[in-house]
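Protein sequence lines correspond, in order, to chains A and B. Every letter in the first sequence is one number past the one before it in our numbering, and letter 61, counting from 1, is 61. Every letter in the second sequence is one number past the one before it in our numbering, and letter 258, counting from 1, is 1258.
Simulated from the structure, these hints should not be mistaken for laboratory data. Bear in mind the structure is a predicted one, so any value in this text is a computation, not a measurement. The reader is advised that the hints may include incorrect statements.
[What the hints assert, rightly or not] Quick list of in silico lysine to any residue cross-link-like pairs, SDA-like style, CA-CA up to 25 Å:
| id | chain 1 | residue 1 | chain 2 | residue 2 |
| --- | --- | --- | --- | --- |
| 1 | B | K1236 | A | R242 |
| 2 | A | K736 | A | G445 |
| 3 | B | K1245 | A | G785 |
| 4 | B | K1236 | A | A618 |
| 5 | B | K1245 | A | S730 |
| 6 | B | K1005 | A | G45 |
| 7 | B | K1236 | B | R1064 |
| 8 | B | K1005 | B | E1178 |
| 9 | B | K1005 | B | I1259 |
| 10 | B | K1005 | A | D47 |
| 11 | B | K1236 | A | V241 |
| 12 | B | K1245 | A | A770 |
| 13 | B | K1245 | B | E1232 |
| 14 | B | K1245 | B | L1235 |
| 15 | B | K1005 | B | K1245 |
| 16 | A | K736 | A | E581 |
| 17 | B | K1245 | A | T784 |
| 18 | B | K1236 | A | D47 |
| 19 | A | K736 | A | E715 |
| 20 | B | K1005 | B | T1038 |
| 21 | A | K736 | A | D565 |
| 22 | B | K1236 | A | G563 |
| 23 | B | K1245 | A | D126 |
| 24 | B | K1236 | A | G766 |
| 25 | B | K1245 | A | A618 |
| 26 | B | K1245 | B | P1138 |
[To be verified] Away from chain B, derived, C-beta distances all over 12 Å, residues of chain A:
| id | residue |
| --- | --- |
| 27 | R5 |
| 28 | T219 |
| 29 | P317 |
| 30 | D512 |
| 31 | E581 |
| 32 | P648 |
| 33 | D720 |
The C-beta atom is built at its ideal place from N, Cα and C for all residues, glycine as well.
The residues making up each chain are set out below.
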Amino acid sequence: MKVTRRNFLKWAGVSALGAVACNVFPDSEMQIQSPVDIPEDLVRGRDTWYATLCGECPEREGVLVRVMEGRAKKVRGNPLYRTNAGKQSVRCDGALQSLYHPDRLSGPMRRTGSRREGTYAPISWDEAMNTIASRLGGLRSSGNSSAMMMITGPMRGHQAVVVDRFASAYGGSYLGLDIMGDSVLRATSSEVFGQTNLPSFDLENSTYLLSFGADFLSTWLSPVQLSRGFGNLRSHEHGGVRGSFVHIGARYSATAASADEWIPIRPGMEGVVALSMAHAIVSGPDGGTASNMAGGASRDDLLAALDPFSAEHIVDPSNPWYVGVPESIRGETAAHMIERIAAEFAASRAPLAIGGGEAAAHTNGASNMTAVYLLNYLTGSVGGRIGDGGVVFNPAPPLEELELSYSMGNMDNWDEAASNLRGGQLQALMVCGANPAYTLPNSTGFANALDSAPDNTLVVSFSSFMDDTAQRADLVLPVRSGLEDWGDDVPDPGPGFQTLGFQQPVVNPLPDLDPRSFPDLLLALSGDLGLDDGLPDTFYGVLRDAAQRLFDAGRGTPLLIEGEDHPNMLTFPAFWNMLLERGGWEDREATAGADAPAPPDLQQIAAQHSRPRYHGPAGGNIFHLVPFLHNSILDGRGAHLPWLQAAPDPLTTVTWQTWVEINAHRAREMGLQEGDVVSIVSNVGDIEAVVYPHPALPPDVVGIPVGQGHLPGVEYATRDGEVRGGNILSLLSPQKTDPDGGLAWASTQVRVTPTGRNIRVSKFEGIVTAFPIGTEHEDPVQVTGG
Amino acid sequence: MAQRKPHKWGMIVDIDKCTGCQACVVACQAENNVQLNTEDRFHERRPIEWIHIQRYWEVPEEYRSRPEDAPFQDIKARFLPVLCQHCENAPCEPVCPVYATYHNDQGLNVQVYNRCVGTRYCANNCPYQVRFFNYWEPVWPDRMRNQLNPDVTVRSRGIMEKCSFCIQRLRRGERQVEAAEGGELNDRALAEGNFAPACVQACPTGSLIFGDYTDPDGQLSQYVAVDEDTNEKVLKDDRAYQLLKNIGTEPNVIYLKKIDPRRTGEGGHG
């Protein structure tokens, strides 16, 4: 048919009528307006989700990363990974911004000016590695290998094996740095439970949870694993019982806010409250049974030993063990509350007591931890299997070499390292995954020692960003991001059985970037120096070799979907592929020994319990300082990631700034308002912070987040080229925890002094109007008595 | 375009489990190309968070008229995740002069960015404060643009935006699951195929539950039933409530009350 104007219009009309007649579009949408799809309806394109491990926080969650056309788009928890089971923290997606950060270094840099001048020039990888090899070779040939030190963050898996083997084969030293880490908890776990690995806390199957100090729902230990357990603890579906949760601690944290009840106490007195609860349990109806589980002492002997800690005593301000608790809380006397909670705890099925964080970071941290974890013995909640609730022991790692021998540095180590740097005894320092110039307190003098190290000292920072340490280094070598590199991890705490997570590169580095894998660089150096580290030449080879041994052992499987049959693995390549596809390996039969260790001696523990020592200036307006890891940027490692900087603090909703939480009454008495800039002064330094009057914080405590106050150099971590906020770690008193000698980071006292300035607080609160509070059935947050 | 299978998407928010951790907030921003909320955005009081956590301080009843006098140990913080409620009677819809926002056949309140002319009437009319206006052109450093989700439109200056229940994921789910014979986009398929909204997927405590109200075997069915005659939702759980129910917006997001065992009886707070 000839296409004429008339015919064209005819057919166009018929087509339009036909489209409507065929009812192509949903009725309801037709009724409102013409059917136009939104762009989200139309997008096509293939995506692929690769399993790997998240490197943004020490928990190292198993994750799936969505990749489209060679670019990483989204991170989510790997449902098969047993510790986080598909869930993720606020930090996981930060890996994407770290990967594509505008200030990622494109290649190696060499210092051209004096240290701290910040002038660097690009050099080639060959030149950089030759410089290191030549320096290390020179030291070694002159018999001075011990002048080399390596510092990394808290590494696990074969990455740590490579560093450890390198340092030992070379003859240098190797220290892990995690200044607010869990060394006291580890020492206690070893002492109380006789376990070298951290135990798992089976919140999911417990019905009563006591937590002492630890902000476990935000940052402590393994927050996604513990939050997942907490969610299940709160499930009505779970055995028909909603588990109870009581928090004891000095600061009203997000964890305290999520508890049914909170007992505010003076910092460092957590152990006293735990012993008081032990007293109440032993003197209770099941006390005889409980006492049998605590060292075999008679009930009367135990009661006598615990009597100084009775609830009546510890709430009495004239008593030496007074814990600083308010007289009454929500209409109940503190003494009655402690006894009631102890009785409820003891009468529950599989109750669980956990503690750490600020409770462990005192001069008496080990005493506190011992007293807290002992409560689990009194209620028989120790050494069961996952599913039993309580404290579940973890087996040794699946491969022998993963039982790491390197130690986390304590304060003596850092003092010595700084002194050796200054004195020229330490001539080669290599740092990766840590930022000692920022995280070590001023009292160690580490940052100054880096600044004033002799010219012949070689400081190498394996870092993709010009962080506080890199800006003092001679060489800065960009390393691959976790999403670009191989790796593996034994989660700690694990899921109660042996498991090994595998990390694979999910994307290649961008064309304008040339980062290298840190373990590969060390293995290459090892080859150049002729060291006998007993490892293959590449890190990929190390991991293949480990997987081969798992395969040869003929036990366990790659992570399986629930209900999936054990795969019949015929070849190693198929096994390897499945390991990477699923994100790890596990052997559910490989659990810790069934025998619960002998209970510790409660009498002795009570007799040896010590008080915390505080250290700070004298005079007025003195507060206990409770520093805390920032909910999203942690100890500053995420300060350069805008999503994490902009994620509001759960309680204050402050973003991007360093704030100080002060009790609202106390702030009023001091004439302070929100946004007032105050000076926080300790015996060793001072910083400035903006005031956030906190309605629920005890009046003798200030809370300040760690994480800000970096040297200018990396966008978002600083503001317009200026330092953003203050570094609270810098002014901590150099008091030590016992017995590990770590930093007692919660034992500092500070003076708060107004500066007379006021700035706007960068917070989310108030930006969207809160819902009006009206009659109770219209209220936005409705609460029921349960 | 093929006829879509009938769904009525909705969400349950169990505030008894919410710890305020912000995992949902960042997961949403990563998935949906939400502009970077710089410090200046907060000072200007214009950050964009499609889902955000509101934190309320609860004081004892006797201190309601003078909360500043309440003893610190008796004050409780309460967390309330708030996102677009995808109202059945959405006040934002009728005021849009260009039909940029409408209610689709799956219970979603949809924002059509390329129709929006930026009158902001919808945000004025939204009682939940979950619509966000782009006062500036969003800016990402060049390298960071590699992360942007190609399934989601980048909204330019002058455009209103809000939670879409991650409609791009639902559409992928429909294409990949329901295109196959007998395929059904149920709870299991949503979870296994990465089709659930990013916030739900991230939430470590399981405070957010997403699903189809019309699926009798779905997770939502234990909290809410849909009346066959009126097509209205009937709350089945004692703890279930809707935000600002009295104004009649009929939200598709249902909240479960916080439980406080030390509290007797029912009640809200301030």
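How the hints compare with the structure:
no.: 1; hint: B/K1236 / A/R242; in the structure: 19 Å, holds
no.: 2; hint: A/K736 / A/G445; in the structure: 16 Å, holds
no.: 3; hint: B/K1245 / A/G785; in the structure: 21 Å, holds
no.: 4; hint: B/K1236 / A/A618; in the structure: 60 Å, violated
no.: 5; hint: B/K1245 / A/S730; in the structure: 50 Å, violated
no.: 6; hint: B/K1005 / A/G45; in the structure: 22 Å, holds
no.: 7; hint: B/K1236 / B/R1064; in the structure: 31 Å, violated
no.: 8; hint: B/K1005 / B/E1178; in the structure: 8 Å, holds
no.: 9; hint: B/K1005 / B/I1259; in the structure: 37 Å, violated
no.: 10; hint: B/K1005 / A/D47; in the structure: 23 Å, holds
no.: 11; hint: B/K1236 / A/V241; in the structure: 19 Å, holds
no.: 12; hint: B/K1245 / A/A770; in the structure: 16 Å, holds
no.: 13; hint: B/K1245 / B/E1232; in the structure: 14 Å, holds
no.: 14; hint: B/K1245 / B/L1235; in the structure: 12 Å, holds
no.: 15; hint: B/K1005 / B/K1245; in the structure: 29 Å, violated
no.: 16; hint: A/K736 / A/E581; in the structure: 45 Å, violated
no.: 17; hint: B/K1245 / A/T784; in the structure: 17 Å, holds
no.: 18; hint: B/K1236 / A/D47; in the structure: 39 Å, violated
no.: 19; hint: A/K736 / A/E715; in the structure: 35 Å, violated
no.: 20; hint: B/K1005 / B/T1038; in the structure: 41 Å, violated
no.: 21; hint: A/K736 / A/D565; in the structure: 51 Å, violated
no.: 22; hint: B/K1236 / A/G563; in the structure: 32 Å, violated
no.: 23; hint: B/K1245 / A/D126; in the structure: 68 Å, violated
no.: 24; hint: B/K1236 / A/G766; in the structure: 33 Å, violated
no.: 25; hint: B/K1245 / A/A618; in the structure: 55 Å, violated
no.: 26; hint: B/K1245 / B/P1138; in the structure: 35 Å, violated
no.: 27; hint: R5; in the structure: 30 Å, holds
no.: 28; hint: T219; in the structure: 10 Å, violated
no.: 29; hint: P317; in the structure: 16 Å, holds
no.: 30; hint: D512; in the structure: 8 Å, violated
no.: 31; hint: E581; in the structure: 15 Å, holds
no.: 32; hint: P648; in the structure: 7 Å, violated
no.: 33; hint: D720; in the structure: 10 Å, violated
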